[in-house]
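2 protein chains.
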Amino acid sequence: NGHSNGYSNGTGEDGGAGWLLRRVLDLVLKTKLVTGLDASEKVVHFKHPHELKDELDLEVGEEGCSMEEAGRILETAVHYSVKTQHPHFYNQLYGGIDEVALTGAWLTEALNTNSYTFEVAPVFMLVEHRVIEHLVGLLGWSEGDGIFAPGGSISNMYGMVLARYRRHPNIKKTGIFDQKPLVVFTSDQGHYSISKSASWLGLGMDNAVAVATDAQGRMLPAALKEAVAKAREEGKEPFMVNATAGTTVLGAFDPLEELAAVCEGEGLWLHVDACWGGSVILSRRYKHLMKGVDRVDSISWNPHKMLGTSLQCSVFLTKHKDLLKKCNSARATYLFQQDKFYDVGYDTGDKSIQCGRKVDAFKLWVFMKVHGQSLLEARVDAAFHASRHLCTEVKRRGDRFRLVQEPECTNVCFWFIPASMRGKDETPEWWVQLSKVAPSIKERMVQQGTLMVGYSPIAVKKLVNFFRMVTTCTPTPTPAHMDFVLDEIERLGEDL
Amino acid sequence: NGHSNGYSNGTGEDGGAGWLLRRVLDLVLKTKLVTGLDASEKVVHFKHPHELKDELDLEVGEEGCSMEEAGRILETAVHYSVKTQHPHFYNQLYGGIDEVALTGAWLTEALNTNSYTFEVAPVFMLVEHRVIEHLVGLLGWSEGDGIFAPGGSISNMYGMVLARYRRHPNIKKTGIFDQKPLVVFTSDQGHYSISKSASWLGLGMDNAVAVATDAQGRMLPAALKEAVAKAREEGKEPFMVNATAGTTVLGAFDPLEELAAVCEGEGLWLHVDACWGGSVILSRRYKHLMKGVDRVDSISWNPHKMLGTSLQCSVFLTKHKDLLKKCNSARATYLFQQDKFYDVGYDTGDKSIQCGRKVDAFKLWVFMKVHGQSLLEARVDAAFHASRHLCTEVKRRGDRFRLVQEPECTNVCFWFIPASMRGKDETPEWWVQLSKVAPSIKERMVQQGTLMVGYSPIAVKKLVNFFRMVTTCTPTPTPAHMDFVLDEIERLGEDL
Ligand SMILES: Cc1ncc(COP(=O)(O)O)c(C=O)c1O
Ligand SMILES: Cc1ncc(COP(=O)(O)O)c(C=O)c1O
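Taken in order, these protein sequences are the chains called A and B. As numbered in the numbering used here, residues 3 to 498 make up the first sequence, in order. As numbered in the numbering used here, residues 3 to 498 make up the second sequence, in order.
Don't read these hints as lab results, they were simulated from the structure. Careful, some of the hints might be misleading.
One copy or two, either will do: identical chains are not told apart, so a pair holds if it fits within one copy or between any two.
For lysine-lysine, the following BS3-like pairs were computed, each having C-alpha atoms within a straight-line distance of at most 25 Å [said to hold, decoys possible]:
{"#": "1", "residue 1": "K49", "residue 2": "K438"}
{"#": "2", "residue 1": "K238", "residue 2": "K175"}
{"#": "3", "residue 1": "K438", "residue 2": "K342"}
{"#": "4", "residue 1": "K238", "residue 2": "K182"}
{"#": "5", "residue 1": "K227", "residue 2": "K342"}
{"#": "6", "residue 1": "K34", "residue 2": "K397"}
{"#": "7", "residue 1": "K238", "residue 2": "K293"}
{"#": "8", "residue 1": "K49", "residue 2": "K238"}
{"#": "9", "residue 1": "K55", "residue 2": "K327"}
{"#": "10", "residue 1": "K238", "residue 2": "K34"}
Isolated chain A, as found in the complex:
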């Protein structure tokens, strides 16, 4: 199979070296995947799993295929992929990718380097170091340390492991078998990664205690105090509080000042899961939502969510210098040799739970460097501006829509009430009926490919399925886009 050996130093014609890379760039530009997708395109060309299998021959054979065929495979993959860059994609806590960030991502992929030593990643180790310093400064901390992790869930795990280690350094060596059960507290709106982490780290999900929230979804400091006291009464040992800055569904910001006061009083590590809401730190207008962040012990933040620096881009930061290293190092002598001829202070990979570590810092750095802080701030503000417009518009549309709560982050949660249900007695049956509205409209939007918005219930607050709209920085959402969302939901669901 002469087409597939790739390394024939060709000139870029069919099958020659570089041909397929050019083809990908052409495809990305032709489909405007990152350079401004047209709102008139479909967000998704939906096929059920069994149908999609007919469009793409997934079988791996003994022999390969031609470069032409490879090109077609890539086109099919793009065609049937959800266009997260589409101005009408609001389905998750991320959207499209910024072009400059993508450039950084493509380059690091091509360089295929590993973030563990200066020896193999000189540029990227300096960059990671600098980005972390910069973020520590943005948080108003006088010093700190950090590491890029493959996603917010693992960043949150870093926080838990560090909190545990700080309290009982011997755990690293001997484990937690003879400890009293260690308990972490998070709000009942906190992300499930806290409870998954509790399971992995050997604490058990029962020891990730859910603390009650107010109507907005913010942790109640008084409820936290009670929960801590209760755990102590049960013979357990509280060690950490996870505050959430921007909850997944409601977008609530836990009150950091008050939680810090509780944690200081109780001697607990305060971690902030700012995976979603952390980008407010870039905005003079919205950073008050994280007031008190100067008093916390650690924080997780995902630039891959609101900011648009492509998955994966998540950073864990702690105010305690050297703790990451002490907690996680294993000093492998094949990798972190101390007899190197250069300053091994940048061989920081041993702070990580990973060994090989993808370069995630560079795309964020180049994105910040090229755009400058003022543009990032403007983008965060634009995401908030659009969400505030949406909120106003939901209210303006009277009995057709109903807001779940006043938004804090860029999440706007609301029900759509179809014509047949308006002005009726809101009996338990009425609510059961309403719970089916969002899934039905969702099916229609996906089948038609015009819009994607997530929906969710919140059992603990007895809220049935509602729409969760979220706006992110990329592409920049406008008030007109917001109006479209509501118009489209009305169009799709009016007859229900």
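Let chain A serve as the given structure and place chain B with the ligands on it in line with the hints.
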């Protein structure tokens, strides 16, 4: 700053949409980063950290920079990055990236999708599912399940968490506080991720017991049996054995058949860390090295190492269907709604410890699909062929080089003995002197940029610093490349 807003639907001129992406492609092609780097180029243009800082202004400012400047930044980043694609880069257990795999990686970056639900990643969820089925077949298992993880360390953690859960499912809920200390066994040549994982998972590093190996670095089944008995005597509970298929330094393959027999007898989960050596499964000639893999419970394999499918690409596989889901699921109702209109069997993200998960399966799939199994096999065989040539050549060069042991994987470990040290009494002082040779030569090779090879001691085997040469599939290593390595080491070190 008019240059940096990016989304102006331009035509690709300076600063217009797409301009920077074209620039990256041009840079990648011009430097032949993935299309066949010239051996006459430098592997690295070394600068010390403080010098490198002068070449790259790391400061993030209030205002951004022009696209021209952005282009220069990217060029500088490439210039000072280590060329892992260089035919003389043998510094780690990975090398360059295959062009087809890179194409897949670039496309998934541009699509910015998340491997958790079919809803947002229809193509990629099918692909991941199919790749896992395919790999389960290659292992000769009748059924199985798996997941792509951000690297082999985390893949190995999956194995430990699953092994623990299978034994004590209640741990998920209540933790390990009232367990007897749980013990995992790995060889004294096993990767440090087992001990880091033991720390994170609450077992403690002391409960990752190192089992003695033979001269080749293979775990001794008799020593394992003794270690298990000893742990039981100490009142601990053995639960898992980690066998290594291709150890990090020596490239040893633990004897899976014999270890499986021990584990079956003792009722222990057998995991195989095949992160490095797992690619032998693709070769009819070398897969015997993993004989017995049909009897194990789980395996980790990193296509990003020997195979050249760019970091990160690591897969965890287990023979126990449904266990990943039972062990890890949290059933978040905002993401894994059960009232969706399509078959949610492909919403497999809840098997993961992550929430957002980068699409790592697609680049591997497209790489396998386009090249076909026969080419992958030929590449693995070529990597082995080169390493066997190197081994012969080390021996042929008489008293100038000395082999540490006969290689099993593509690792070839050897000492270079400079002229001044040849034919001398091998006193303790002689060995101390020899321990400084590899670091000195390493400094010279990096300073001159002609070659990069790792070195390592092995304290437990009383082996002082030796060179660890490794060959991978990309770019294809040749016997001539191997001769160059030894010639160059002689040139750099003869006067020591
Ligand atoms: C044998 C072995 N297992 C596991 C790993 C860890 O893999 P990763 O670097 O992807 O975490 C390595 C890394 O070198 C290794 O050599
Ligand atoms: C508040 C919050 N924290 C953490 C996470 C987990 O981040 P990741 O998906 O990167 O693991 C999420 C994901 O949605 C989140 O919403």
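Which earlier hints can't be squared with this structure? 5, 6, 7, 8 and 10
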